[in-house]
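**Student:** Take the sequences, apply the hints, and build the full model.
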Amino acid sequence: MTVERPAIPADPGDAVPGWKETLVGMPRRVWRSIVRSGPIPRTELEKAQAVADNFFFHIHSAKVRERTLRWKTTLGLGLLTMNVFLVLCVTGVLLMFYYVPSATEAYARMQDLHGAVFFGRFLRNVHRWAAEAMVVLAVAHMARVFLTGSHKRPREFNWVVGVVLLLLTLFMSFTGYLLPWDQLAYWAITVGTAIARYAPVAGDEIRYFLLGGGDVGGEALLRFYVLHVAVLPTVMFVLIGLHFWRVRKDGGLARPTSPDASRERTAVAPDEQPPFERFPTVAGKTYGLMAVVPLKTHNSDGDVEKQVPSWPSALGRELLLLVVTILLLSLAAIFWNAPLEGPADASHPPNPAKAPWYFLGLQEMVSYDAFWGGIGIPTVLVLLALLAPYLERRPGGEGVWFHPKRSAVNWLFLSLIGTLGVLTLIGTFFRGANWSFVTPW
Amino acid sequence: MSIRTALFVSSLALTAVVAGVIYAATDEGWRHHQSGYYDQALGRASSQTVKDAIRATGLEIKQDRLAGFGSETRIDRCRTCHMAVDDPSFADGKEPLRTHPPTKGHASNEFGCTICHEGRGRALDKAEAHGDDPHCLDPVAVSPYIEASCARCHPEPYLDEMPHVRRGRRLFEQYACVGCHTVRGVSRGTLGPDLSDVGSRWPIAYLRESILVPTANAPLTQMPKFAMPDEDVVDLVVFLKSRRGRTLVEDPITLRTRTREWKEQRPPESAETVEAGAEAVRRRACVACHKLGDEDGGLAPDLSLVGAIRDAAYVDRHLGDPRRDTPDSNMPSFWIAPSERRAIAAFLTARPVPTVPAEPEAQYKALCVRCHGEKGDGEGPAAHNLVPRPRQFTNSRFFDWIAPDRAWKAIREGVPGTAMPAFGKFLDDAQAKALFEWLKTRFHDETRPVPPAARKLPERNPVAWSEARVEATRAVFRQRCYGCHGLLGDGKGPNAPDMLPRPRNLTNTAYFARVDDLRIFESITYGVVGTGMPSWDFLPEDQRWDLVNFVRALSRTGAAAGGSKK
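Protein chains in written order, with the working numbering: chain S, 1 to 441; chain H, 1001 to 1566.
Calculated directly from the structure, the hints in this document are not laboratory data.
Treat the numbers as computed from the prediction; the structure is a model and nothing was measured.
One thing to keep in mind: the hints can contain errors.
[Said to hold, decoys possible] Cβ-to-Cβ under 7 Å is the rule here; a few derived chain S residues that face chain H: (1) Arg65; (2) Gln111; (3) Gly316; (4) Leu320; (5) Val324; (6) Leu327; (7) Ser330; (8) Phe335; (9) Ala338; (10) Glu341.
[Claimed, not checked] Okay, the calculated beta carbon distance ranges per label pair: (11) Ser1035/H - Phe335/S: 24 to 30 Å; (12) Val438/S - Lys1225/H: 23 to 29 Å; (13) Val136/S - Pro1219/H: 34 to 40 Å.
Each residue gets a CB set at the ideal place from its N, CA and C atoms; glycine is no exception.
**Tutor:** As structure tokens, this is what we get:
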């Protein structure tokens, strides 16, 4: 097999190429200076280099397990969430060109988007449905991670980062909810922020700080706008980077423990093993760079033969998911318009006034008990979520859906999520005027 | 399916979708209207120059930027579709390509469209622009409601082109709406909500509904359900829609309310004669609600009887503050000078007292029907506007249980604090007894035996009234009584709308002044048969007495009346 090595610049020496040679060779040199590796990688080495040499690809390892690529391992949920986030960034920036965060202008701008701006309604629809989808996908991704036990050691902290990202996603969606400045937005934020009041000690102060006043008004709009377009996206970008980086550094996706590895683990308590000493750090060996995980590396548990190069297997699937994401969001945007009610009017509360749908579970609980529903239980749930990997004592079950060893915690998780889901459904569809029970049909 | 195929298929699909979106974005409805306009204009064009000019024109969004009205700048894009509004050759065209009828001095590029027609000026989609969705406060206005827009700049005296506003303004006084509602510059009523900016707050459908069925949007409202023909409703709605709090020009009505004269104005005085009273009753449109002679508003008690059942002092008092004697009355406090009140009282009490027939049935028809209803079911024409509601004689359980002397007394002396007047001048003791007996047999379908009440009642209230104990009882009241009688004890608890008879207003001083402690205690202990009041006999006896004292405190009667005098 002939290996076509990437062009190594010739030793400059003293030879000066002629003008003709320089000009003819220039396009190729420019191209090479940009992409560095060969045109289409054919050999394993080239495929590895194609990934490692590329800034956008190097978040991947050179090779991935076949298992990682299997549909049922992750359902692609994390990547879908990321894709939707990218769509949100792009459409969001485009929408920013037309938006003015002022109480007198914002609603008029929405109307402009609906007619006078080319693609305006489509952009707004995509942004809206992508925002709703991101909340759903982030929760689904979290459920997948938990139900496959992927949040366990050594990935505990990455789970915590994930929970923080989920909360940021909710906050991001919440801040964006106000921006159209219509009745729906105004009252959803009024109700949503009213829940903060039930917090002990500083409830009113928190709300005041968030809204820049006692009520939702122009100041609140400006604050939410800045949070929505500057502060939160930046924080999320950083945390998403951290999230991905840790996935790499924790040895890729969690996977079932092989019999060998478990024996190894019992032989040497992992805590006593400084991660970098278990593997020879021989200069020039790529796996030395990856040997940062105490338990297993790609090369340490003997499944090398089950790995395939990331190019093109992983990258192709990722591209496919991106295309499908954009396709589905575009279709949703064509068939359903993002809601826009009358302009915000503080003197016309709708009955019932509802928070954004993902907070309706909370609102439903608030209708039973203000403090416990709005503050107490949510705080406990968030704490539980943050500490889940540290609270789960029993080892094992990583990388397997509904592992029998973990059935108890899985059921606990499912029942908590299910209860929240049912409360959200009740709050969304079964609550009418004065929060009385109604049937939607 | 391999990844490659999937990628290929999905990319194709995405390309198709994007192409579709681009096509849809370049194929909006307004483009069709505009090219339709140019096609027709081409046919009507007279010279080659005009034709060339039309051919050279591209499609574009037409936009009027209007800064001349109020503080905000409006943007109207209506002419993007309605291309022909300025083009006189389209007088026979079909919407949206039709010439606007001539408007004296209202050039569309200066005034725009939505200033009169409402709707959403910025929108370019038909449904959105015309406001065909429930969220639009002001959808495109049709005749006659569009007159309300005229009034935004053309205040009183209203133009000839605005007959409905003008008539609505008159009806607002004729139906005595002015008594309850404030409309700045027009009226000063305080019983109902201020309607000065009602037009900018509610859509037409809501205003219409609120007049037709007042309880539709405010379940506990005291506003009467006027029986008015539909054209009156429409005109009132047009007038109300024209009330937007502020007008776009300096409006004499608004200006008038800013003057010192308006602020310090007192109601006009009147001669205290019977004639002046008759004139006032006519001018003030009392018969919009009441009955007087042959005229009948059909909503409130019959004034023909006032001379016999009330005295002049009462009428004077009642006109000054209707809620002084009857705390829940929905009679408005009209803006009437004391001299005019006395004139009206003189006129009403001077009217000859009609003779009352001897037969109970005829007596019932003459005196009781207006409130208690022909069927004795408490559904007389005035009943809906009386709080507390007239008793239902069909409530057999209540009338079998009630002590007859209490009923006779109610007929002869009336029930203070309610709309039940004293009929003592018409009916002597025997007649009252006979009437009550007749009522019981006439409206009883079946007499249900009431279980013999072995009621143990103490001789007198053993618990001394003290402010501290009353304060402590508030918690019991909130726990036991709040649901029906309300937090304030005014009978407007959350369950109240579902109950008939309605829970008693415990703050009704005039009513409770005539009720002794024992009766309150009895009602609490054993409940009131035939009403929603349940028996609370499981509460400790002293707690029940505390509640009696609490009711005294609420109504400022009995021991509490003495307490407050100190």
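**Student:** Decide, hint by hint, whether the structure agrees.
**Tutor:** Outcome of the hint check:
no. : hint                             : result
1   : Arg65                            : 16 Å, violated
2   : Gln111                           : 4 Å, holds
3   : Gly316                           : 5 Å, holds
4   : Leu320                           : 5 Å, holds
5   : Val324                           : 5 Å, holds
6   : Leu327                           : 5 Å, holds
7   : Ser330                           : 5 Å, holds
8   : Phe335                           : 11 Å, violated
9   : Ala338                           : 13 Å, violated
10  : Glu341                           : 4 Å, holds
11  : Ser1035/H - Phe335/S: 24 to 30 Å : 27 Å, holds
12  : Val438/S - Lys1225/H: 23 to 29 Å : 27 Å, holds
13  : Val136/S - Pro1219/H: 34 to 40 Å : 38 Å, holds
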